[in-house]
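Trainee: Here is how the chains run, residue by residue.
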Amino acid sequence: MSPGATKPTTIAKGITSGLRAAMERDPKVVLMGEDIGKLGGVFRVTEGLQKDFGEERVIDTPLAEAGILGTAIGMALRGYRPVIEIQFDGFVYPAFDHIVSQVAKLHARSLGYVKMPLVIRIPFGGGIGAVEHHSESNEAYFAHTAGLRVVAVSNPHDAHWMIQQAIETDDPVVFYEPKRRYWDKGEVGDGPSGDLSSARVLREGTDVTLLAYGPMVKTCLQAAEAAAEEGHNLEVIDLRSLSPLDEDTILASARKTGRVVVVHEASTFLGMGSEISALVTERAFHHLEAPVLRVGGYNVPYPPSRIEEEFLPDLDRVLDAVDRSLAY
Amino acid sequence: MALREFKLPDPGEGLTEADLVTWHVAVGDTVKVNDIVVEVETAKSLVELPVPFAGTVASLHAAEGDTVDVGSVIITIDDGVGGSSDAAAPAPAAAAPPAAAVPPATPAAAPASDGGAAGEEIAEGLIGGTTSTGRTAVLVGYGVKQTEAKRRPRAGGASPTVPESTNRSPEVQPLSGERTRALAKPPVRKLAKDLGLDLAVITPTGEGGIVTRADVEAAAASATGAPASAQESSDAAPAASRWGRPTASGHREERIPVKGVRKMTAQAMVASAFTAPHVTEWVTVDVTATMELVERLKADREFRDVKVTPLLVLAKAMCVAVRRNPGINASWDEAAQEIVVKHYVNLGIAAATPRGLLVPNIKDADAMTMRELADAIGTLTATAREGRTQPADMSGGTITITNVGVFGIDAGTPILNPGESAILAFGTVSRRPWVVTAADGSESIEPRWVTTLALSFDHRLVDGELGSRYLADVAALLGDPGRALVWG
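Going down the list, the protein sequences come from chains P and C. Just add 96 to wherever you are in the first sequence, counting from 1, and you've got the working numbering. Just add 658 to wherever you are in the second sequence, counting from 1, and you've got the working numbering.
Quick caveat, the hints were computed from the structure, so don't treat them as lab data. There may be inaccurate statements among the hints.
Claimed, not checked - Simulated restraints on C-beta separations:
no. : chain 1 : residue 1 : chain 2 : residue 2 : range
1   : P       : E228      : C       : T714      : 38 to 46 angstroms
2   : P       : V210      : C       : K808      : 35 to 43 angstroms
3   : C       : I1067     : P       : Y394      : 53 to 61 angstroms
4   : C       : R981      : P       : F381      : 39 to 47 angstroms
5   : C       : K808      : P       : K103      : 28 to 36 angstroms
6   : P       : K103      : C       : G792      : 21 to 29 angstroms
7   : C       : R1043     : P       : N395      : 28 to 36 angstroms
8   : C       : D687      : P       : N395      : 50 to 58 angstroms
9   : P       : D122      : C       : D687      : 33 to 41 angstroms
10  : P       : Y394      : C       : A1040     : 40 to 48 angstroms
11  : P       : E405      : C       : K965      : 30 to 38 angstroms
12  : P       : N395      : C       : E706      : 35 to 43 angstroms
Said to hold, decoys possible - Once the Cα atoms are required to be at most 35 angstroms apart in a straight line, the calculated DSBU-like pairs of lysine-lysine come out as:
no. : chain 1 : residue 1 : chain 2 : residue 2
13  : C       : K690      : P       : K352
14  : P       : K281      : C       : K808
15  : C       : K1000     : P       : K352
16  : P       : K352      : C       : K917
17  : P       : K281      : C       : K851
18  : C       : K808      : P       : K103
Everything numeric in this text was worked out from a predicted model, so none of it was measured. Glycine included, C-beta positions come from ideal geometry on N, C-alpha and C.
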């Protein structure tokens, strides 16, 4: 554990310290990405690491995501544990073919002989007033692809520990970081909250279950606070792992409250909420007091930043769904 | 007076420093908000920087040609306003530091939302620090806006208790269709099933006819004759039957008062069945040509916006066949001891409606074009489905179709609508093997569209010959709709 890990920090710095710990532990851990070395990354997540670990372990790459992934695949085949930073969510698509065709499949294609222990870090989501390509939530593409782990962090503790777990697992991991929450503060505890596939109940409740991940976890926690003032006791679960899903935790909560609202920034159409809705309906049908409701983006391209607040789910949209659920 | 510091902002390229190229102002100059005060050069471009305050330039903290870190103070403006509350005023010290980059000042006030005092604060203007608009600065974009943790006021005031049910859900809207499955949510369905209760016979109290948990519990309590909680102690409660199921009224059997449409239907059927001696004849016919006609008409401009079905062709065929066999379209006047032959066709179509079986008819159907007939059938069925059929719509019928085929039924022996002497049951149209004779006389078995027609008629006034001719004519028209040109 890195020194200072118990003091309050931010999600960004939690990832930095997690990366640092992993690099100190294992010389095969190598970072690659655009502007991650000298500049320290556009969000300063890798700040200081090139200075401490050198240009051979913290590599500034050309602006070519397909090239970065291709290089990382080769390195993973030769025993390295590459950790790639995709600068913004909307930049990952040139590497899409490598990720879904090679990274996801090499292990199965080689009958388990080959491991693909690489981590693809993607700052995702909107709410930073950015131009297009900089605010997307494309997790469903990767969650849909068998052979990839997909996780999303929502707080500094998980940021610090889950990045290390992601590096340690032999499976390829798409690691989503909530870019507008990078500077949210929180404590980092002594060890991970659970294995990399587990969800975490952040707030226990009895009336309605809110399922969220990444940037929407904070929104849901705030919504639960506001709902408590109105007399509704909401349970908030941070999914953390989008693939595989922690079905046991989701279903236990659904069976307990009988009402489920899934919240994400990505459009609801064929988003994570759709899969979770189907899962809960199939496996907890007789416990459901209301249909599983989804709160998410609309089925349009991410809008210009001036109107992004109308697109992004907020506390009010979450609570409106809670009201709809409770009305059944 | 208050001295306000302007720090070198991140020019939006993600760079940490910039070269100061040209000052556009000097100490003592007056500036307005957004005046360009300095030009800096980053690795990527020349940028002119506007100043966010108005006032007098108090001091410049860097010289032209210097390299300045993002976040360091480059100019101090005296805004001329007395008694400033913020700005822990490095005023005198900042009077004239040398041109070398000044270490970033501690932010005047940490954002109020920061509960947890992180180890190191990020200077204003740097990524992760605050912006002049109170957002968190990012490389690409206006910055992160802090979200509200309070709910906005709702129209009509916040209601801490939510209404028991809602009409926001489309599935809760009253159904106008003929299917009336009991409405209930899954756990209530499960409860009813576990209790051995049929949801369909439980009186719903929820909005839109929803059976609630309370309804099921009440039904269970009444079924056992005692509230569920009192079951164990109550010896007086009727014991469960030997089947182990509730025995009280209303569940193993249900008694429904005979009234309304049901009563009328019963009376009419008894009157018809026991006064008019019924004969039913059957014919099975290849209606492939009719089905092809239906497909053609569907694409015909004349029939746009209207439903074209085999029933429409049958309706027309009935009218054409009546013209060749007028005696079938008649009634028996017992009182006058006369047979009344009608030279018009009020074509009845039996309809299952929410109120029960109704037989509205299309007045003067024989005088209608096919398009008019299609419109009339559409109106008739829509009106019936909505339960708005009026008595006038049902009186004066002369001959009737009952379209049992929609239920997948081959045919049946329909009972005459009182006052008429024939009723035709239209069976399902389905693909069946059929012996087809080619032009050269060779025979083959082919899949064809085939249906069965069953005609019941009043044998007092319709002889077997007339009934048979009429049925054969209708069948011939469906087998070859072109016949209508010959007979029409």
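Trainee: Run the structure past the numbered hints and jot down the numbers of the failing ones, going up.
Mentor: Hints 2, 3, 4, 9, 10, 11, 13, 15, 16 and 17 not satisfied by this model.
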